[in-house]
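Colleague: Listed here are the chains, written in short residue letters.
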Amino acid sequence: MLSKPLAFSFAYIICAIIVTTLYAIGVVGDTIMQAGFNPEMAGLFTASALFALGALAAICGGHGKTIAVAGIALAFCVLVAHEQPLVRYMTLSALLFSIGMYGMVVSRNAVRMLMSIELMLNAVNINMVALARYIDPIAVRGQLFAIFILTVAAAEAAVGLAIVLAIYRNNASIDMEKFNTLKW
Amino acid sequence: MENIISFSQATVEPIMFYALVLLMVPLAFGVIFDRSIIRAGFILIGVFGTISGIFLLLQAQFLAMAQIMIYAVGITLVVVIALMLTNPTLDEDRAPTQAANRLPGFLIALLVFATIFLAIRSELWPMAPELIQSDPTKAIGYFLLTFYSLPFEFSSILLLAALIGSVMLAKSDRAPMKTEKGNAKALAKSTR
Chain E
3 MLSKPLAFSF AYIICAIIVT TLYAIGVVGD TIMQAGFNPE MAGLFTASAL FALGALAAIC
63 GGHGKTIAVA GIALAFCVLV AHEQPLVRYM TLSALLFSIG MYGMVVSRNA VRMLMSIELM
123 LNAVNINMVA LARYIDPIAV RGQLFAIFIL TVAAAEAAVG LAIVLAIYRN NASIDMEKFN
183 TLKW
Chain R
126 MENIISFSQA TVEPIMFYAL VLLMVPLAFG VIFDRSIIRA GFILIGVFGT ISGIFLLLQA
186 QFLAMAQIMI YAVGITLVVV IALMLTNPTL DEDRAPTQAA NRLPGFLIAL LVFATIFLAI
246 RSELWPMAPE LIQSDPTKAI GYFLLTFYSL PFEFSSILLL AALIGSVMLA KSDRAPMKTE
306 KGNAKALAKS TR
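Residue numbers (this note's numbering), protein chains in the order written: chain E, 3 to 186; chain R, 126 to 317.
Examples of chain R residues lying across from chain E (beta carbon under 8 Å, computed):
#: 1; residue: I176
#: 2; residue: Q184
#: 3; residue: R227
#: 4; residue: I241
#: 5; residue: I257
None of these hints come from the bench; they were simulated from the model.
Treat the numbers as computed from the prediction; the structure is a model and nothing was measured.
Cβ atoms here follow ideal geometry from the backbone N, Cα and C, with glycine treated the same way.
With the rest of the complex left out, here is chain R (with noise of 0.2 Å):
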């Protein structure tokens, strides 16, 4: 019965690797080329599915349900809020790409890949055996109350501050201080 269980994982692994890739770089691409930029936020969506998915055939359970809660739903949402506030009317992008970048934006891709690809290849990796942990859930709650746990505060304290910080840049100053408003002034003039 391990064999069976075993010869099919090892099969069906692979397979399941490239549906996913498939799915994976046309919608990664779309996010970049889609000319409706807020189908390009829902794009976004898959492409973070996608990703859970692979999470889950790296035997990584919690964070592709964590991947689906803040990615797929909090962020893009966010995302897609965003759009809404800054492009109102969500009229078409005509011409999504910078011209003059595009070629050596290729470039620049292209190197990376190369570099990261080849120093990935040239590696010669410590396998650890196949001794997969029955319970990854358990070992990341471990680590994060005891070995990890100011990390874990500090990454409460950033998220706060991150809070208060978005909420201070975005909200609508109407009102702006006294001291700035002579500078308002004087900016609004030297604009027009």
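With the rest of the complex left out, here is chain E (with noise of 0.2 Å):
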């Protein structure tokens, strides 16, 4: 039986040396067949840099969370590097928007679930400001869509922390699985 940085690591390098020989043949495949193939240089050496941060870390047997993380910008680098400016940035904004979605489902911390819903919002801003950017440049509607966004985000963490704090007051607890008060 493997330990479990043995186990990590044998993953990682795995997962790298199959996203490495996808991505090898789509250059080659580019070249001959001419199929509009043409990667970004700063994403290329920000993937390999990556890689090379996440396979350190799994030979030295670092955190799993650390090996995860470096993984999953890793792939996210890769996913992108050969699309439109624009797409790139709603990309990002769809990996902040599933990362915050992630945080609110597991969170067990009331106000660290506040915290995730705020990196969903701004998930969104990123969108409204990629559009403005790209569709809409003379007038930035976006932009304005985001500062009404900006300014719900507001009137949300107000009333969300002071909900918090209410359950806080009842419960001596904002711990989100001692928290079933709609059966009071």
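With the hints as a guide, dock the two chains, each given alone in a separate frame, to form the complex.
Modeller: Pasting the structure below:
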């Protein structure tokens, strides 16, 4: 039976080899068939740096979450390196949105859940501003809607934290697992 | 000269983008996973800072400033104060995540990301020609006071309502109202 860091490092290296192989097939196929697959050098450089970092963490027996975060950022760079800028930004916003959603589902602390919701709102803001920049650059209406989202986010933060305070006063805890006050 | 500027912008923009991504993704994970929740609150400032950097890359200077002033200072301050009120000792959270929700949460997040990414990729975006608005702040101000003045007023009413509502929710009512007093006593008995 493998130890946990060793298993992590094996899984990481195997995933990285698969991704690299797919990528190399894409590049070679592009040069042969002119399929329009031209990745960006900055993205590739970042991806390889992340790969080196993740491999280093995996070999040195780093924390599992470090390796996972490096892997996710690496996957993002590989996914995005050959896209146009608008798709790049919107994919970043999708990534941030799903990180926020994961945090919202998983957190035990109610305040941390509210922080995750703020992350999700910010992801939507990135989306709006990217669309304003690339699709509607003259009358930047997306930025306008981002301002409205900002306003609603401020209101949401105030009301949500007030609700958390009320829960704390009634329950003496803001643990989401102990929070079943609907059956008062 | 213009050629040089456009060339440098075209090469610097992706580099800055990936640098900000490298900062943002670990910080966003730090908000979720950090054991000390007060530190998570301060890491949130870093996430908002990188997002304001993204806004600067997207030529939204006003929004970048607003992002720093409202999110990175205002909302994070409110969050940190709420943390201090609800968790007075600020001890470390040994298990920041619910073990039972980890796998379903990961699957849900992965599904959401895959759906959004495939939808974005397969869409044929009607890209505008590269005609950058020289003064986006001016355009925002113009639209805010002409076409979108009604939502603007509504948002101010919303902010006022949220202010009053949060004060109502958060203030401790030591003397409950007469009609609710019996209920409160019954509740205290039933919970005991």
